[in-house]
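Chemist: The residues making up each chain are set out below.
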Amino acid sequence: MNTPPEPLADLRETLADLVAAEDVLLFANAAITATGQREFRSGALDQQLSLDFLHTYVRVNYRRVYAASLALDINDHNAARIVLGLLETAGEASADERRTEGRLIAARLALLPPQRVYRLFGEVRRAGINNRRTRAIMRNWLAARPDLGHDAVKYRSGVKTAARHIHLRCAEGAGAEVGAFLFRPGKLPRYEHPLLDAWRRAHYEQGAVAELPFTVAEGFAARHGMKREAFLKRAAPRMTRLERLRTLEQRAVGDRRPDVDLTVMPLTRLALYVLALPFEERVARRTELTGALRTAARRAAGRHAGSWGRVHAVLDDSFSSSGSGQKRRRPLAVALACHHLLEVLAAPGAYRGLWTSGRGDALLVRPWGPTPLGMRVLDALEPGQGGAAPDRLVIVSDGWDNAPAGLAGEVLRVWRSRLDPGRRTAVVHVNPVYDAGGFDVRRLAAGVPTAGIRDAEDLPALVEIARFAEGRTGAAELHAYLDRRVALFLGEGHRQEKQEEEEAVS
Amino acid sequence: MNRLELTGLTTRPSQVWGGVRLVPLVREAPVDGLRLHREVYERLGAGAVEVGPRTRYVSYIPHGLVADWSGDGEGAEGQGGQSAAYGTQFGGPDAPRTLRLPRPPLHRMAKRRPGDRLRFLPLHLALEGYLALHFGGPSTAWEEWSRRALRDGLSPRAEDAYLGWSVRGLGDALRIFEIHPDQCGVMVYVADALAAAFVVPHPEDYRLLHASLVEDLYGELVHQYALYGAPVAEFGARLGDGAHIRTLADLRAAARGQERAWEEAHEALFARELLDSSYGFDRVYRMGSFTLWRFLPPFVRDGGGQHIGETITDHKGQVAYLKTFRLSDAQIRRGYLLHVLAGAEWELSRAAATLGSSREELVRRIRAAGFSELLKGNV
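Sequences listed follow chains A and B, in order. For the first sequence, position 198 matches number 882 in the working numbering, and the numbering has no gaps at all. For the second sequence, position 217 matches number 272 in the working numbering, and the numbering has no gaps at all.
Warning: the hint list may mix true and false statements.
[What the hints assert, rightly or not] Facing chain A, from chain B, some residues (calculated, C-beta under 8 Å):
# : residue
1 : F290
2 : G297
3 : L306
[As the list claims (entries may be wrong)] Reference listing, derived: stretches of chain B covered by chain A, where coverage requires no fewer than 3 residues with Cβ under 8 Å from a Cβ of chain A:
# : segment
4 : 57-71
5 : 234-241
6 : 313-320
Note that these hints are calculated values from the structure, not bench results. The C-beta atom is built at its ideal place from N, Cα and C for all residues, glycine as well.
Turn these sequences into a full structure, and let the hints guide you.
Modeler: Structure, rendered in structure tokens:
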């Protein structure tokens, strides 16, 4: 006769739900921003320990959510870790869960760059995971590769490890040559496969070097003592998009730069490229660079373009946005990319971007000075053209506010409670830096939704998920959102372009 | 003059990392006609300085500063003589990065360089002043004083200090500190005790010298506070419930008020011990309208921190350059004891009377302070 009264049970359930929802968002933010690398304020070891804990915690307590986060815009580092974690502890899942996980893993592996997947397979081997299911997953992924011969040349040890681990049959057909290439090198006098054969010839013939994928050819070029400029010129057609961007400055002869279409580059990468250029060059190439950034932003915005109304943004270009030796200028690049993306997302002419340093020229930003975020937020809240308050305020910052500390949070809190209780203006804070000590990205104020961000391109999707962080929408809605994302992810292979990025363009 | 004048410098909100709090000091306009440059020494700073005839000062000396009051520091790169960045050059590609000094020993603490330049050793100037406190010893041969003390005076003394790298958290705090555009100085607090103050005349000098703070000397107390102290609290802005805020302009005014509140709190609470003390100034060098001083605190025992240091002031007595070193309690005690003894002309009974204690007690204190070799064995 001791049944607890109904309302209490309800309350308990809601609280647990809320905690669960918080944990999910926490993990999503971490999985988007953290890569276990050094950040401006914390070292690599702190980052790794913090991330380790978070992965174990979420995997043990919310296994379904842990798997589902593969469908979100998390970064590749965490995606690979999740896959490894799921495979490692397959025994803890029910048969039904395993089926969903398998599909999610397969879909995610298809999106990951191949070098990541090969590294993951190496970790699978080191962890001693070798069951029928794991082998099937690996075999299916290898079977879906467009050209195993290309992989065998470019990711030689990776392919070898994977093939050995799953006992891949390399006996008959096209596979036979790859098998011979990997396990019995030097046995065949020549290969049918053009790349395998080029690799054989490249040992003694300079002409064959240019036929190989760029990273492999680089090694041979060094061995043959080829001149860097000449080599780059010949290798250019076989580079991937990012390799072209990376070697752009090396391939320049005097003032003449090889004709590379900057507009096809992804927005954040492009911003990183721009920030790596010296000021004089940015000024000299102003039209070209701004044009490329705008085009990339338009492409990233896609169907969202012009739909956000009046947008004001506060962008952090303080010294801390210089990132670390491992993530050079990443926070600043995200801010610069967001600046251009928001310009496209806003209604025409209704965008205002404010840098914390007070500088006005987005192309010439540099990480310098303190972070007077509070004052800049106040400036951004001022009515824009026509005296109307902004519809959205977007803050791109690492969450550290030091002139004075905490003023931005206070300003936003008082402004929300006193001046804008009706929520005319939606505020969202996106943060590119994972805070190892707090197991999350740093927040500005309790009432301001914060989302982690890695690529500015994901901004529209992140603003959607940040909604849940405000605590105004329930846990049920969050789970519904996750289910929707999973369905979308398994249904159609969007973000195809990411996959293509690292593939050889032949 | 007997006080430090920090007019012209405004305090900006502090930046905290662990137990270290750094308070930036910003100048509206740089001091006219004076620039400071750094001079880097080889052999990791192990150096000996010839202070006088047959007198040497041996210490860790990582760098020297060169004061340039020729007034052509602004954009005078290359036009006659040495350019603005004298020791550390980021300017031309062919400029030497460090100045190679062929010696120890360095000659003199403060040494004139060709042109309107003066090289001096930051902090060592002050430390040497402290070490040589009443170096001469008694002028009358009191029977208590040992033969050695009468012949040599206060024998060479040594004081311990810690390198900035070994002050826990200081290196990280300096690395992630965000320098203000017009910043000309910084106050370093460890566990919210003032560890050092550093002021230079020009923001560009500050940017070059900021990192040198980690190579400076810090007192024993600072090292202990950093090692055992807990992280200090940020003084975050608080706007209360905002009951009186009706418009955006009100909100802005309230936010400005928070900035001002910090500035006042800093001067009243934090920097009080540095700014309200009266010091004994000792002129080291005159250079045009600027003067290089070293100063000693009054050695009163009121429990507050006491700082020695050196400063360059202009003709109005305003501080253009400042560097301080916080003495530990033991160092303050020693200084106080020497002061009292010197005041009583080294007569033990008189000194004991000044202190209000017995002769035996004073002897015990002298021995405890590490000056036992001054006394004869039978005292």
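Chemist: The structure should be examined with respect to each hint, and the outcome stated for every one.
Modeler: Hint check results:
A distance limit of 8 Å between C-beta atoms decides the matter here; for B/F290 the minimum to chain A is near 7 Å, and the interface restraint holds. A cut of 8 Å between beta carbons decides the hint on B/G297: the least distance to chain A is about 4 Å, and the hint holds. Taking 8 Å as the C-beta cut-off, the interface hint given for B/L306 holds, the closest approach to chain A being about 6 Å. For a cut-off of 8 Å, the count of residues in the segment 57-71 of chain B with a CB near a CB of chain A stands at 5, and the three-residue condition holds.
Proximity of the segment 234-241 of chain B to chain A, defined as three or more residues with a beta carbon under 8 Å from a beta carbon of that chain, is established by the 3 residues found. Residues of the segment 313-320 of chain B with a Cβ under 8 Å from some Cβ of chain A number 3, which satisfies the need for three, so the listed coverage holds.
Hint compliance for this structure: no hint is broken.
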